[in-house]
Amino acid sequence: MNSPFNKIKSSRRNLLKGSASLVFALGSGGLSILTIEQSIAQTLAEAPRAIGPENLDTWLSFDSAGRVTTYFGKMDMGQGVDTVIAQIVAEELDINVSRVSVVMGDTHRTPDQGGASGSSACRQGAIPLRNAAAEARRVLVTRAADVLGVPVEQCQVEDGTVSVSGAKDRSITYMDLIADGFDTDLDWNGNYGNSLNVSGQATPKTVDQYQVVGTGVARKDIPGKILATTEFCHHVSLPGMLHGRCIRPPVANAVPVSVDENSINPWPDARVIREGDFIAVVADTEWHAIKASQALKVNWSDTTPPFPTQEELFDYLRNAPAASDSATGGFRGTPYETAPALAAISAAAQQIEAEYEVPFQSHARMAPSMGLADVRENEALIYSDTQKSHNSRNGLAKLLGMAPEQVRVIWKPGPGSYGRSDADEAAFEAALLSKITKRPVRVQWMRQEGHAWDPKAPACVIQCKAGLDSANNIAGWYFKTRGFSGWDVYFNANDPQDTLVGQLTGYAKGDRHNFGVPGESYRFTDSVAFWETVPTLLDRASPLRTSHMRAPQEPQLHFAHESFIDEVATASGLDPIELRLSHLQDEREIAVLEAVARLSNWDSRPSPASRSEGRGEGNILRGRGVSMATSFGGFVATVCEVEVDTSTGRIWPRRFYVAHDCGLILNPRSLRTTIEGNIVQGTSRTLCEEVNFDESMVTSEDWLSYPILDVMEAPESIEIDMINRPDLPPGGAGEPSLVSVPGAIANAVFEATGVRIRRLPLTPERVKAALG
Amino acid sequence: MPSYQFTLDGQPQAVEADADMPLLYALRGELALKGPKFGCGLAQCGACTVILNGTAIRSCILPISAVAGTNLRTLDGLPTEAGPHPVQAAFIAEEAAQCGYCTNGWMMTLVAGLERDPNVSDQEIRNMLTGLKCRCGSHMAILRAARRAADAMAQDATVQDQVVQFDPQTDAVDLDVDTDREAQA
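Protein chains in written order, with our numbering: chain A, 1 to 772; chain B, 773 to 957.
Calculated directly from the structure, the hints in this document are not laboratory data.
Treat the hints with caution; some may be incorrect.
Unchecked claim - Okay, the calculated bits of chain B under chain A, using three or more residues with CB under 8 Å as the criterion:
(1) 789-795
(2) 804-812
What the hints assert, rightly or not - Restraint-style ranges between C-beta atoms, simulated for each label pair:
(3) B:Leu814 - A:Leu538: 24 to 30 Å
(4) B:Asn843 - A:Arg274: 42 to 48 Å
(5) A:Thr505 - B:Gln895: 48 to 54 Å
(6) B:Arg919 - A:Asp727: 36 to 42 Å
(7) A:Leu342 - B:Arg919: 51 to 57 Å
Claimed, not checked - Covered stretches of chain A (chain B as the covering partner; in silico rule of three or more C-beta atoms under 8 Å from a C-beta of chain B):
(8) 70-81
(9) 226-238
(10) 365-373
(11) 423-431
(12) 636-649
(13) 699-708
Every residue, glycine too, gets a C-beta built ideally from N, C-alpha and C.
The following block holds chain B by itself, in its conformation from the complex:
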């Protein structure tokens, strides 16, 4: 099988695979990433979205052979030692997921779009996100998170003062974001 080399989240990678195998199967399989997900295999839902040379693309239909020599970013690779990406911080703060299966697509699309230009109107945010699917109907929280992320990125504000703890028992990460007690309704 041929081998394809590319940069993945800042690290060189090589994957041996059939030329026509979609990128997603390498990311989910041999590379064991948890961000990009299989939703449709038809480029219709966006759950598999990654950023290729700066553009959000659907990895479920892109042959691995087309990825050789490119620069790929995934949800898994977004956080730095300084903290989560502003889009991730905003999604955590707004709890912008129900089941969380599709969330990768919304976040990666926003990362690509807002890194290009964070000065966007609410309508421009919707235009950026159209076509992505969310079965749980988290759209309102996603739109709030997108607004929050855009505003933070426009101000070049980063959300780096959050306490991050990994919970080895539950595989969950506790971030101390916006846990203020809400007034009882």
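Just chain A, same shape as in the assembly:
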């Protein structure tokens, strides 16, 4: 074997050679293209920036071309948050937004702001950058006033140039004032993660002063993605890099007994790496790694299949002993009492009960996990599309036996990951393989792994009860969820115990429990909402391990909660919106519900309409349904109009109407596409998505066995009333509207058919069976 870094394959041509398109795309920007070798050497040699949150220089730097770079400890998952960050920084600095670049998720360059998490990029993550930019403007204007010989009050700023009021020729640019940086202290609240905040002496602008924030600035990342110039994480290549493919057992929990290394002899550049129960094949070329990994003969242990059958899943959820509950689990326990609600329901004139079932769902990212690692004696460089690079850095350091400072994780864009998906896994596997082989290793999961082995959204059973008094008022309310833990693997990779390769090499998985309750402000006399989790089906390297998936557990909870409120409305003979309004307390929830009623021309009456009232003809039945969601600082009410084809069972959610309040709107253009994406993904989760499995393994392992919404089923229209709240801080928009979808569709299907389906997804087969 050659020395690790001198066997450099010139596998990548000069990027510019023979490509008119790239010359066009590069324009005359004068970019100097580094060779790959220069680039990697430079990256490894690059000293960490001083990224103490209390230093202003941590957050902003200026270059000689008059550009500002801002350093954001979160990252964009495809909703365009970096553009909003640029708007906010540009606003406070009084500089054109096109001059602002945003570096995201590089552990050597950005502070630990907790990564992409809980729709927090704007409502939390942007605040320290806003405050830092405001302070930067104050410092620079103070310096300018000194140079220009006028009081600060006589200075004005336009696109990064400070001039004297009334004498524009007396001016100086930020660039000429920055010198070696700011060298300015900020007050830091001492937190890392989502709640990290800093402030300076400057007061940030008020909303009425905003020129750029609140406007539809074009997303900075879009042209590069469309013109094929963006470097996704998947494009990064290192000299001497090996390609790795992991070997998974045919039966979950089986471990390798022996490996026949001769079985990959046809590919002399390929070899087997085994560490504990983890097996991989590495090869010089990607195709040989794939071929060899498929050919490798492994003798697996004879393991008892660990899972119930899929048909038994919901009985397991009903009957398994509770592992934890909302009084003891979660971030902090919330005591609850069931007796008053149950007593009130029993004493009521009419009892309504229903039970809802939601299966496992998969993140099913557009591309399965990949990671690239270059692990050396005392340092490691990792490329990953993780949502939380600082946490991954900590976990990788532990896996490699290094200090966190010795590990640099660079986030690069990848396929939308939507929670604790498989994204982190391959980086950990690549790191281990690089440590062993002393070569850079790129691990790319195959499609089967992406579907079958990613952490799943937890399946659950939700039991609802309500009592109606003789005047049809709700006299008691009971909402109980039994599900797998949302933290079966934790929502970040801060420790190898929460990764497959960690668990296969000796790190025992923790036993952490969380689920959740719906977030709306409905007030019912004597009500209780609580959860219990059941033990995981397999506590080591499980393809059915569960974790966060976009709006963790909330689509499940709100499917049940918003369906059941409609069931109560039907029992009480009330219009579904009227019933909701009569129990809501929060002014913003009332406002979105009233707004969506207006937007959808809601015809107030009890559901379902009778067929003679015109809810369909022939095989096509039509119905409308409403649902609410309050989560992550967003308030949403959604109406869906569906068509149900009774001959096929096919549901087409033809039109959506969405009233959306996430506080101050920062960029209405990217907010709209973000909401649309939520609605379509939520439709997919409602109509299509269920992880299939048998007693041995997950059997949903590609797009045929785990279908998602096709463009033929995409809605005809999504009308959105984006309610701006300039008086309120920005809330979250990355998740809340998705949460509103399952209930809206299910309620519309009931309205159309008169049949209530309490089990997701609403597949054609399930609809046909329900219609009888």
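Since the structure of chain A is already known, use the hints to place chain B on it.
This is chain B only, laid out in the frame that chain A set:
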């Protein structure tokens, strides 16, 4: 290893590879293209789509040996010195991507289809695109972009008056398309 010659975005290319290696691995590997992406390796998602002799195909399952002598077009090669392809211009104008990983497939399928016949109904656009996967749910913006591209191509209109700047720091390209300030909602 055998060598296979073909035309790639107007330039002659030769790739040495095992005969059964899918085209995608040459495009992503030795040829270092950024448009076609690995999504499934099963021809189920479309992220790897390229245009072969005028037809949109899934490069993740097509053996490189089957490509010899053909004419290939990729997303990377679509722009000309005059500007982006009308489909690209429409996707930029409509911001028809969330993460942007799958977008190659939607665009290349539309390029092949609309260059053949841009006079298409909304339903014909859906028929053209069925089977492609987008996990982020960008379908509504993609359909708007497709409509915009079809209309532009039907009128033989090109979008060539856009200012294109490359940002060496962020590897992003700023196009001055539709950046009008939207009224606050």
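Checklist entry - Does the Cβ distance between B:Arg919 and A:Asp727 fall inside 36 to 42 Å? => result The hint (36 to 42 Å, Cβ to Cβ) holds, given that B:Arg919 and A:Asp727 are roughly 37 Å apart.
Next on the checklist: Can you tell me whether the CB distance of B:Leu814 to A:Leu538 sits inside 24 to 30 Å?
Outcome noted: For B:Leu814 and A:Leu538 the Cβ distance comes to about 27 Å; the hint holds.
Checklist entry - Checking C-beta pairs, does the region 636-649 of chain A have three or more residues closer than 8 Å to chain B? => result The restraint on the region 636-649 of chain A is violated, since only 0 of its residues have a Cβ under 8 Å from chain B and three are required.
Item to check | Coverage of the region 365-373 of chain A by chain B (three or more Cβ within 8 Å) | outcome: Contact hint for the region 365-373 of chain A vs chain B: holds, 3 residues under 8 Å.
Checklist entry - Between A:Thr505 and B:Gln895, does the C-beta distance stay in 48 to 54 Å? => result Cβ of A:Thr505 to Cβ of B:Gln895: about 53 Å, so the range 48 to 54 Å holds.
Item to check | Given coverage of the region 804-812 of chain B by chain A, checked by CB-CB distance under 8 Å (3 or more) | outcome: holds (count 8)
Checklist entry - Do the Cβ positions of B:Asn843 and A:Arg274 conform to the proposed distance bound of 42 to 48 Å? => result With a Cβ separation near 45 Å, B:Asn843 and A:Arg274 satisfy 42 to 48 Å, so the hint holds.
Next on the checklist: Tell me whether the statement that chain B covers the region 226-238 of chain A is true, taking a Cβ distance below 8 Å and needing three residues at minimum.
Outcome noted: Contact hint for the region 226-238 of chain A vs chain B: holds, 10 residues under 8 Å.
Checklist entry - Taking 8 Å as the C-beta cutoff, is the stated coverage of the region 423-431 of chain A by chain B satisfied by three or more residues? => result violated (count 0)
Checklist entry - Do at least three Cβ atoms from the region 789-795 of chain B come closer than 8 Å to Cβ atoms of chain A? => result n = 4 at 8 Å, threshold three: holds.
Checklist entry - Counting residues of the region 699-708 of chain A whose CB is closer than 8 Å to a CB in chain B, do you get three or more? => result holds (count 4)
Checklist entry - According to a criterion of three or more residues whose C-beta lies within less than 8 Å of a C-beta of chain B, is the region 70-81 of chain A covered? => result holds (count 4)
In this structure, the hints that do not hold are numbers 11, 12, in rising order.
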